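Asks: Sequence:
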Amino acid sequence: RRQVGHDAPGHVAQIALLGQLGHGRIDLRFHQLAQGGIRSSQGGGQGCQRDHEAGEGLSKAHGAAKVARIGACVRWRGVDEVNGAQWQVLAAQVAAGASAVQLFDSWVGSLSERDYREYVLPHSRTALGYVPDGVPRIHFGVGTGELLGAMSEAGVDVMGVDFRVPLPVAAGRVGPEFALQGNLDPAALFAGPAAVERRVEQVLADAQGLPGHVFNLGHGVLPTTDPEVLTAVVEQVHTATARPSAGTAG
Numbered sequence: 217r218r219q220v221g222h223d224a225p226g227h228v229a230q231i232a233l234l235g236q237l238g239h240g241r242i243d244l245r246f247h248q249l250a251q252g253g254i255r256s257s258q259g260g261g262q263g264c265q266r267d268h269e270a271g272e273g274l275s276k277a278h279g280a281a282k283v284a285r286i287g288a289c290v291r292w293r294g295v296d297e298v299n300g301a302q303w304q305v306l307a308a309q310v311a312a313g314a315s316a317v318q319l320f321d322s323w324v325g326s327l328s329e330r331d332y333r334e335y336v337l338p339h340s341r342t343a344l345g346y347v348p349d350g351v352p353r354i355h356f357g358v359g360t361g362e363l364l365g366a367m368s369e370a371g372v373d374v375m376g377v378d379f380r381v382p383l384p385v386a387a388g389r390v391g392p393e394f395a396l397q398g399n400l401d402p403a404a405l406f407a408g409p410a411a412v413e414r415r416v417e418q419v420l421a422d423a424q425g426l427p428g429h430v431f432n433l434g435h436g437v438l439p440t441t442d443p444e445v446l447t448a449v450v451e452q453v454h455t456a457t458a459r460p461s462a463g464t465a466g
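Numbers in my numbering are just positions in the sequence shown, counted from 1, shifted up by 216.
Misleading hints may appear alongside valid ones.
To be verified - Simulated restraints, written as ranges between beta carbons of each label pair:
#: 1; residue 1: Pro382; residue 2: Ala407; range: 17 to 23 Å
#: 2; residue 1: Pro382; residue 2: Pro443; range: 23 to 29 Å
#: 3; residue 1: Gly408; residue 2: Arg330; range: 41 to 47 Å
#: 4; residue 1: Ser328; residue 2: Pro384; range: 37 to 43 Å
No wet-lab data here; the hints were simulated from the structure. A quick note: this is a predicted structure, and the numbers were derived from the prediction, not measured. C-beta atoms are modelled at their ideal positions from N, C-alpha and C, and glycine is treated no differently.
Given these sequences and hints, build the entire structure.
Replies: Structure below.
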């Protein structure tokens, strides 16, 4: 899980790119994210310790997720406090001026749907329940194409879609009542202006007919991405989705 602090009104908690849902306007907001982590439970015996050590040799995605559910010896950070102060940060963000919140789950794509429903969904639902009514709730996970339907049950308004799943396919998995967020491949930003422009056009075309769409990357901005390329993408999206101002004919 990730959380981020702000002190200015109108910010967006836990999200980098946000647009007014269904209204075509995209606002770019960059925030530093402080990544949480995985910790071993206190105790559990030598068997649990061996499982934990074995997990450390695996990739972060698979070691953390699979040892957690199979060995029951490593806990997602924050699960023990899920009904306490840790999740109240979402309500505090709104009180401080956040216009929307996003629950970003980096490693949930390592789980099967069965394990997701047992080990993660109840806690995600509780966390999002702290968000006051009327504030848009966005939920995003990496590599979660097969979990989109289940994740949409966490109490959200918008489902984030990573770059691996076309938006129309994602829409079919979550149902017509959800707006979608996404999903330009971050690697496409290195392909040159013409290729980037084509990819942006493709995402916008895929979003046609959705009940709402927040243009975003289909994961995070890669560290060596040229900021000027991001600026060009935002300008392209603004131009393509602009609506006539009041009093304008047509």
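Asks: All hints, please: hold or fail.
Replies: Checked hints:
no.: 1; hint: Pro382 - Ala407: 17 to 23 Å; result: holds (18 Å)
no.: 2; hint: Pro382 - Pro443: 23 to 29 Å; result: holds (27 Å)
no.: 3; hint: Gly408 - Arg330: 41 to 47 Å; result: holds (43 Å)
no.: 4; hint: Ser328 - Pro384: 37 to 43 Å; result: violated (24 Å)
Violated hints amount to a single one, hint 4; each of the other numbered hints is respected by the structure.
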